[in-house]
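2 protein chains.
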Amino acid sequence: VLVGAVVVAAGSGARFGGPKQLCELGGRRIVDRAVDVARATCDAVVLVVPPDADWTVPDVHAVAGGATRSASVRAGLAALGPAIEIVVVHDAARPLADEALFDRVIAAVRDGADGAVPGVPIADTVKQVDAEGTVTGTIPRDALVAVQTPQAFRADVLRAAHASRPEGTDDAAVVEALGGRVVVVAGLADNFKITEPADLDRAGAVLARRAVAP
Amino acid sequence: VLVGAVVVAAGSGARFGGPKQLCELGGRRIVDRAVDVARATCDAVVLVVPPDADWTVPDVHAVAGGATRSASVRAGLAALGPAIEIVVVHDAARPLADEALFDRVIAAVRDGADGAVPGVPIADTVKQVDAEGTVTGTIPRDALVAVQTPQAFRADVLRAAHASRPEGTDDAAVVEALGGRVVVVAGLADNFKITEPADLDRAGAVLARRAVAP
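As given, the protein sequences belong to chains R and P, one line each in that order. When you line the first sequence up against this note's numbering, it's residues 1 to 214, in that order. When you line the second sequence up against this note's numbering, it's residues 1001 to 1214, in that order.
Bear in mind the hints are in silico, worked out from the structure with no lab data behind them. It is possible that some hints are incorrect.
As the list claims (entries may be wrong) - To be clear about the criterion: a stretch of chain P counts as covered by chain R if any three or more of its residues have a C-beta under 8 Å from a C-beta of chain R, and this derived list gives those stretches: (1) 1118 to 1125; (2) 1145 to 1154; (3) 1161 to 1172; (4) 1178 to 1187; (5) 1198 to 1205.
All figures in this text were calculated on a predicted structure; none of them were measured in a lab. Here a beta-carbon is modelled for each residue, glycine too, at the ideal position from N, C-alpha and C.
Let the sequences and hints guide you as you build the complete structure.
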C-alpha cells in the first residue's frame, strides 16, 4: 500500500508575527523537521507552501497553497498520484511529531479505519462560553480528546470528502461529515502546535530532553 | 471586601510519580510559588495539604485535605472566617499563575459575577470519542475555552454550592450546577498544570524567559 504525505506549511504566521515554518529549532527549520519525518515514514511527500513563498525544501515536490487550510490540503492532494492509497496530512507547525506517531496513524488506516488521528487527554476543564463571556456549560472531560496531526486517511475517502470543497477544523472533521469512521490513536504530549514565539522555547526544551534521554 | 484564598496542594501526585507540589522550580518549591502569589493578592490564605503531609509552608495556616479535590476545597473553605466575602481557589500544581491573573478573577467577582475563571483558547481540535476510540463528533472550537485556576467566587455562593458535597471537575462547575453566573477572564498560556515531569522543564523555560523579559 503506497502512502503519500501532504505537509502543510502554507500559513502566513499572522498570529505568530512571521512565517514560523522557517524558524530554527535545534539547528533546523521547523518545516525541514516536519518533512524529515514524513519522508522517513511515507512513500511520497508533497509540501504545500504559501503562494508567494521565496523558500524551498531541497528535493521535495512543493505546490502553492490556497486561501484556507482546507484549500491548501486540496492542492497537496491534487499533487499526489493516483497510486497513493493512504494519505497522511501533517501540519508543519508540529515539528515534534515522531516516526512512531506517523506509523500509528498509518497502521490504523491499514487496519480498516477510514481515518486515524492522534489524540491526547485535555488537562484543563473545558467550558462552553457565550458571546458575552459567560459560561454556558462544562463539558464532561472524559469523553474529549485534543487531536493533532499527522492524520491518516484512505485516499479515496479523503478525496471524496474534499470534493465539495468544505472547510473543516481539521481533515478528520471533513471525513466525519461524510460519515467516515475516524479512530483515535495515542498522541504525543510533545507534539504541540507552534503558535506563538514562547512555543519555540518549549520545543527547544523538548529537543534538549530527547537528546539526553536514555 | 475581604478576599480569602484556598490553595489546594492535597494531591498525592499519583500520575506524576510523587508529590509534585514539593518539586523545585527555579530554586523554590512549586507549592511556595502558589502560596506567594495568593499571599500577594488576597487578605487570608489557607493551604490544603495531604492528610499525611510531613511538610509545611512557613507562616501559612494549613489544613488536611479530603479524599477528593472537592472535599479538599471544602476543608479549605471551612477554615476561612465568616468575614471573607470573595474566595479564590487555586491549584498549587499551577505555579506560574501571576498576580495580575489573581487580580482579574477577583475584580470580575467584585464587579458582580458569582464566579470568574481564567480561560485560554484551545489550540487543538477537540473531538468526542466513544469507548472504542471512534470519533463521534468534532466540537466547534470557537465556543470552547480551556479553564484554569485561580477561580474566584462570591463566598456565600461557593459555600452554598459546596453544601451538598458535590463532586465537580472544577469549582466553577459546582457553582454552575447551582445556577450561578460564572464569567471567563483572559487566562495565561503559561499557567499550565504540572502533570508530568516534562512539564517541569517547560515551566523552567518559562521562568527563564520571564527573568530576561524587558
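Here is what the structure says about each hint:
no., hint, in the structure
1, 1118 to 1125, "holds (count 6)"
2, 1145 to 1154, "holds (count 4)"
3, 1161 to 1172, "holds (count 4)"
4, 1178 to 1187, "holds (count 5)"
5, 1198 to 1205, "holds (count 5)"
Every hint, counting from the list given before, is met by this structure.
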